[in-house]
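Q: Produce the entire structure from the sequences given, and follow the hints as far as they go.
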Amino acid sequence: MRTILYLIRKEFIQIFRDKFLGRAIFAIPLIQMLILVPAVTFEIKEVNLCVVDKDMTTESRELISKLAGSTFFKIRHATFSEREANDFLHRGQCDLILQIPQGFGKDIGKGTPTKLMASANAINAMNAQLSWAYLNGVIRDYNMNILAQEIGNAPEKAIPQIEVTNRYWYNEMLNYNFYMQPGILGVLVLAIGFILAGLNLVKEKEIGTIEQMNVTPVKKYQFILSKIVPFLIIGLIDLALGIAIGRLVFNIPFVGSIWLLFLCSTIFLIAVLGLALLISTFSATQQQFMFTGFFFMIIFILMSGIFTPYESMPGWAQKIDLLNPVVYIMRINRMIMLKGSTLYDIRTEFMALVLFAIGTTTLAVNRYRKTA
Amino acid sequence: MNEKVISVHNLVKKFGNFIANDHLSFEVYQGEIFGFLGANGAGKTTAIRILSGLSRPTSGKVMVAGFDALKQPEQIKKNIGYMCQRFSLYEDLTVKENIMLYGGIYGMKKQLIRERTKSLLVRLRFEEFGDRLIASLPLGLKQKLAFSVAVLHEPKIVFLDEPTGGVDPITRRQFWEMIYETAARGITVFVTTHYMDEAEYCDRVSIMDEGKIEALDTPAELKKKYQAGSIEEVFIRIARHGKK
Amino acid sequence: MKRLLVFVKKEFIHIFRDFRTMVILFLIPGALILLFGFVVSNDLKNARISFLDLSKDEMTLKLTDKICSSGFFVRGENLHSYGDIERALRGNNNKAVIIFEKDFSRKLISEGKATVNIITDGSEPNMATMATNYVSAIVSDFNSELVGGGAAAMLLVHPEVRMFYNPTLKGQHMFVPGVITLIMILICALMTSITITREKEFGTMEALLVSPLKPIQIILGKIVPYFILSFIDVIIILVLSWFVFDLPVKGSIFLLLAEAMLYILMSLSLGILISTVSKTMQQAIFISLVGMMLPTILLSGFIYPIENMPKIYDWVSAVMPPRYFVIIIKNVMIKGTGFSYIWKETLILCLFTVVAIGLSMRKFNIRLQ
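Chain order of the listed sequences is A, B and C.
Take the first sequence: its letter number 81 is residue 80 in numbering that gives the first Met the number 0, and every next letter is one higher.
Take the second sequence: its letter number 114 is residue 113 in numbering that gives the first Met the number 0, and every next letter is one higher.
Take the third sequence: its letter number 48 is residue 47 in numbering that gives the first Met the number 0, and every next letter is one higher.
Do not take every clue at face value.
The calculated lysine to aspartate or glutamate pairs, modelled on EDC-like cross-linking and capped at a C-alpha distance of 20 angstroms, are [to be verified]: (1) K218/A with D67/B; (2) K44/C with D320/A; (3) K369/A with E73/B; (4) K141/B with E200/C; (5) K109/A with E61/A; (6) K218/A with E73/B; (7) K202/A with E198/C; (8) K141/B with E203/A; (9) K18/A with D91/B; (10) K199/C with D67/B; (11) K318/A with D42/C; (12) K202/A with E200/C; (13) K106/C with E162/A; (14) K112/C with E162/A; (15) K343/C with D86/A; (16) K114/A with D64/C; (17) K114/A with E198/C.
Rather than coming from a laboratory, the hints here were simulated on the basis of the structure.
A: Next up, the structure:
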């Protein structure tokens, strides 16, 4: 036992003696959180609209002003030329083109149905669909107005409307920060711990100081533990810092039990550090470790459900994700922080992480050989 | 008669088809300074790694400090010290931090470590520099320190793999004085080297060539046997003979 | 010149000797693009919804069916009371709960209005927004069908839409270019930043610096082998995109390759710059990977559109090279535009490259002093 303490102490000395590292492990998460969290949102602020009004009647102008008055659209360009409008779209100077054909006003006056043509930049499919939905909304209002003028009040009786209301639970204002900040924090804690622990072990292999360790009575599990514990502690400190910033700067609520969160994070970190060490045992140089590790890390991160939803992945990918510890900790994180979930609620995720942690550390200890 | 601390019988170590150690047999007695000579690639490092529990023998019986190298390498490690030339101490730790670490690993109590640290630094005339980083020290001092740390816990045997590479003759001389002092305390010293003149300092010397032990005796006897003026000549004779 | 070639040859040998790393370097980009092309997506699928149907009449049942057979959602449970909602959303199972009010059909017919309530799990804002929007759209569709032919004719204005560049609205079109941008800059910067700091750590840097090689030659010598490797990677990626994702290059393939070469060069130079300020490999890795990964994912416009961000991020992302390449690659690959549309971004990338190499050379020269 005392041996482990001596080893852990050595690790801490080495970490903080490196001026850059000692500061980076706390500064990088802090800075990145502060800068990146506010950036992320899927809400479209406004759709840049280009209107091609070939009609130029009261009716068409009424429609256009309705669009201009809506908060979703901003009319950036108005032109007569379809070609010019397409060019704007091509150059990214507008997201949506609305063409009002000649004769629009006349048709409205006569009561004849008429068509409008919209063209959307669908590279960002979701944005395109949302813009289209908004456009439909405005046009529906326009239609109802016309109807009201014809029929008199209460056009609804003739055309019944199903009204949709919605509420967002746990996050009433749908503040993306609530979601992004834990995500960013989690990714950084993962990356820092993983890289530090893995590189550390491989470096000792590369330089040869590991031989000096192998020839001492230090047991395998003691050595591996000494490579995990310091980075676990650093990771948890980063977590604490992150949560503090979340509350103070972003006003993120913390509904559940903070001890539960720390417990889960500890298990998660052990799992991930264990994996890093396991990969180290397969690597001869820091370079090898880095590229292998990068492969795993980037897969874990991009498939974690943080940036794009877990449910959007194809079935086979979801199966692979069963092996992704980041998925579990992210869910746990969200559930504890925002929903106040208890251990019972997160039991599957918790068990998965425990299995991981045991699995990777055991494998790492087994793979590591003191005698070749 | 001193007890046998190392007993090797028909040690074979193969890497694939390459035979690095070819049926080595020898014994080392307590308190001896035993020199393991040979050219680079002769198999010295392979053998010393097996003796210190870093590597398993392919076949043969190897006993070190009373433990079997094949089955009980971890027991061996409790009773030995080890120093290899290039990487013994952590460069980014201070002198004192390194000593504290290894002392603690070998189960020494804090008080004892402190005492030995002090006497070690005094002996090396390095008292004020206990807080210097290893990286900032000259090579000769690093090596002497590494040796001191290797015997800090008073092991039965200390293995030194090419410990004096790259330093000036004076430093080498001082290093060997430290080895004498250590052997005088009863610690057996097993040292490999390719500096033939260092052979003269040993009690007994073995000369390896291409995986086999070609000669094993006191330096005086070897010189007589091969009618050579120096161990270097002995070695050349043996090597040339092998080439034929 | 000859000296440079010898140096380059040595670097190549280094790389090829480390067989494992080489295999990884060849395989990673392709494998990752393949993976993420399928995995990174915003398409709504399999979102589980539970229903609190207080009417249970023909209309609500039909609407429920419509929602569940849309392909976006999966039917959850039928809840019985408001109290059940908390339980349904607390776990991780349901993304939303839909509530149909009492006497739904009657209200709709006699009063002309009935309400559908969507309660979503706001802890995942993405999913919540999508679920809300899609359900609204389905309800709106249902509404229109309900109203039928006669009344529909009373609605005069009928909009139609053409979705440009991505008629099938596949999410991949948005993400594959982004994934390429992300992976290439991270890997390239990692490659070169490690290779130089490695020499620093192992002491072979000294030998390089006292050799007759000029700093620019050392830098180029380090870049060239990785450049060739990365370029082969880009080709593999493009071929994969074409065959596996049905994503051909709409514009000029030469233009795309030229721009890719520029981007790779820029990324490699960035790595060199990072290595000049790093003392150890660990430091270099920290800066190039930990320092750049999240900002690239989040601020380059590859998942989260820059237009949606607060104004200030326009400035922040302006110093991020990936942002420009995302624009370039989307333009050439997907829109099929020519150089005239992307000359600004190209120029900026050139600028980044020149600055990176220039600063690196200065650092080298300082060391020589």
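Q: Could you run down the list of hints and mark each one as holding or not?
A: Cross-check of the supplied hints:
no.: 1; hint: K218/A with D67/B; result: 18 angstroms, holds
no.: 2; hint: K44/C with D320/A; result: 16 angstroms, holds
no.: 3; hint: K369/A with E73/B; result: 9 angstroms, holds
no.: 4; hint: K141/B with E200/C; result: 19 angstroms, holds
no.: 5; hint: K109/A with E61/A; result: 17 angstroms, holds
no.: 6; hint: K218/A with E73/B; result: 8 angstroms, holds
no.: 7; hint: K202/A with E198/C; result: 14 angstroms, holds
no.: 8; hint: K141/B with E203/A; result: 18 angstroms, holds
no.: 9; hint: K18/A with D91/B; result: 12 angstroms, holds
no.: 10; hint: K199/C with D67/B; result: 42 angstroms, violated
no.: 11; hint: K318/A with D42/C; result: 18 angstroms, holds
no.: 12; hint: K202/A with E200/C; result: 11 angstroms, holds
no.: 13; hint: K106/C with E162/A; result: 12 angstroms, holds
no.: 14; hint: K112/C with E162/A; result: 7 angstroms, holds
no.: 15; hint: K343/C with D86/A; result: 17 angstroms, holds
no.: 16; hint: K114/A with D64/C; result: 31 angstroms, violated
no.: 17; hint: K114/A with E198/C; result: 68 angstroms, violated
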